Amino acid sequence: DAGITQSPRYKITETGRQVTLMCHQTWSHSYMFWYRQDLGHGLRLIYYSAAADITDKGEVPDGYVVSRSKTENFPLTLESATRSQTSVYFCASRTLNQNTEAFFGQGTRLTVV
Amino acid sequence: GQSLEQPSEVTAVEGAIVQINCTYQTSGFYGLSWYQQHDGGAPTFLSYNALDGLEETGRFSSFLSRSDSYGYLLLQELQMKDSASYFCAAYYNTDKLIFGTGTRLQVFP
Numbered sequence: 146d147a148g149i150t151q152s153p154r155y156k157i158t159e160t161g162r163q164v165t166l167m168c169h170q171t172w173s174h175s176y177m178f179w180y181r182q183d184l185g186h187g188l189r190l191i192y193y194s195a196a197a198d199i200t201d202k203g204e205v206p207d208g209y210v211v212s213r214s215k216t217e218n219f220p221l222t223l224e225s226a227t228r229s230q231t232s233v234y235f236c237a238s239r240t241l242n243q244n245t246e247a248f249f250g251q252g253t254r255l256t257v258v
Numbered sequence: 002g003q004s005l006e007q008p009s010e011v012t013a014v015e016g017a018i019v020q021i022n023c024t025y026q027t028s029g030f031y032g033l034s035w036y037q038q039h040d041g042g043a044p045t046f047l048s049y050n051a052l053d054g055l056e057e058t059g060r061f062s063s064f065l066s067r068s069d070s071y072g073y074l075l076l077q078e079l080q081m082k083d084s085a086s087y088f089c090a091a092y093y094n095t096d097k098l099i100f101g102t103g104t105r106l107q108v109f110p
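Going down the list, the protein sequences come from chains A and B.
Under our numbering, the residues of the first sequence are numbered 146 to 258, in order.
Under our numbering, the residues of the second sequence are numbered 2 to 110, in order.
It is possible that part of the hints are untrue.
[Unchecked claim] Using 20 Å as the maximum straight-line C-alpha spacing, the simulated SDA-like pairs for lysine to any residue come out as follows:
1. K97(B) x T216(A)
2. K97(B) x L241(A)
3. K97(B) x R189(A)
4. K97(B) x P220(A)
5. K202(A) x N94(B)
6. K156(A) x G41(B)
7. K202(A) x F30(B)
8. K97(B) x Y209(A)
[As the list claims (entries may be wrong)] Covered by chain B, per the in silico footprint, the following chain A stretches (three or more residues, Cβ under 8 Å):
9. 172-186
10. 247-255
Read the hints as simulated data drawn from the structure, not as lab findings.
Keep in mind that this is a model prediction, so the values were computed, not measured.
Where a beta carbon is used, it is the ideal one built from N, C-alpha and C, also for glycine.
Could you build all of it, start to finish, from the sequences and the hints given here?
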């Protein structure tokens with residue numbers, strides 16, 4: 146199906162483990178974004194990418210790693226998960242044109258115990 | 002930094018008009034968007050202002066004043082289904098999309 150999909154939808158992991166959240170879009174959008182959403186903080190930008198092999202830090206990049214070897218995929222890896230990374234993670238994509246909307250995936254609820 | 006400020010909560014009754022304000026940092030600012038998010042859902046796009054002035058889309062309108070570093074979302078003829086969180090989001094340096102802290106709107110009958 147066309148769109149932007151995230152997997153898994155729910156994940157429970159232990160402190161110190163490596164976790165990868167997947168994001169896939171079928172529109173060939175240039176830009177992709179990763180946000181985390183916590184109560185009281187709104188959506189905070191973790192990393193973003195303007196094209197394949199181009200990534201840049203957002204507001205809260207520490208503890209996260211991204212890659213973008215293909216336009217359609219933008220995985221987010223927590224190298225050593227901490228309890229403070231318990232959150233809802235949203236992936237988004239948009240075209241080059243700023244006037245267009247960013248489309249969001251349904252989110253991944255991650256719990257670090 | 003690049004931060005956006007919004008009121009945390011707004012309440013209104015059905016049929017009323019409500020305005021949600023947003024102030025932003027000007028350094029590198031390109032344009033202002035608005036998104037709606039229902040509980041448990043993903044944010045969805047409402048509008049985008051690149052230039053000063055009012056953009057109207059049905060019951061929703063959005064306004065931008067670059068000289069005041071300020072924008073607002075105006076919701077008219079409020080309906081119960083408009084109860085949601087509303088976020089302003091700014092593009093900085095053409096590509097970085099930064100969200101405000103969000104405003105929770107509660108519409109009462």
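Verification of the hints:
1. A C-alpha spacing of about 18 Å is found between K97(B) and T216(A), which places the hinted pair at or below 20 Å, so the restraint holds.
2. A C-alpha spacing of about 12 Å is found between K97(B) and L241(A), which places the hinted pair at or below 20 Å, so the restraint holds.
3. The hinted pair formed by K97(B) and R189(A) meets the criterion: a straight-line CA distance of about 11 Å does not exceed 20 Å.
4. For a cut-off of 20 Å, the pair hint linking K97(B) to P220(A) stands: about 18 Å separates their Cα positions.
5. At roughly 13 Å between alpha-carbon atoms, K202(A) and N94(B) fall within 20 Å of each other, so this suggested pair holds.
6. Restraint check for K156(A) and G41(B): the C-alpha separation of about 16 Å stays at or below 20 Å, so the hint holds.
7. Restraint check for K202(A) and F30(B): the C-alpha separation of about 17 Å stays at or below 20 Å, so the hint holds.
8. Taken as a hint, the K97(B) and Y209(A) pair is honoured in the structure, with Cα atoms around 17 Å apart against an allowance of 20 Å.
9. Coverage of the stretch 172-186 of chain A by chain B holds in this model, with 5 residues showing a Cβ closer than 8 Å to a Cβ of that chain against a need of three.
10. Counting residues of the stretch 247-255 of chain A whose beta carbon lies closer than 8 Å to any beta carbon of chain B gives 6, which meets the minimum of three for the stated coverage.
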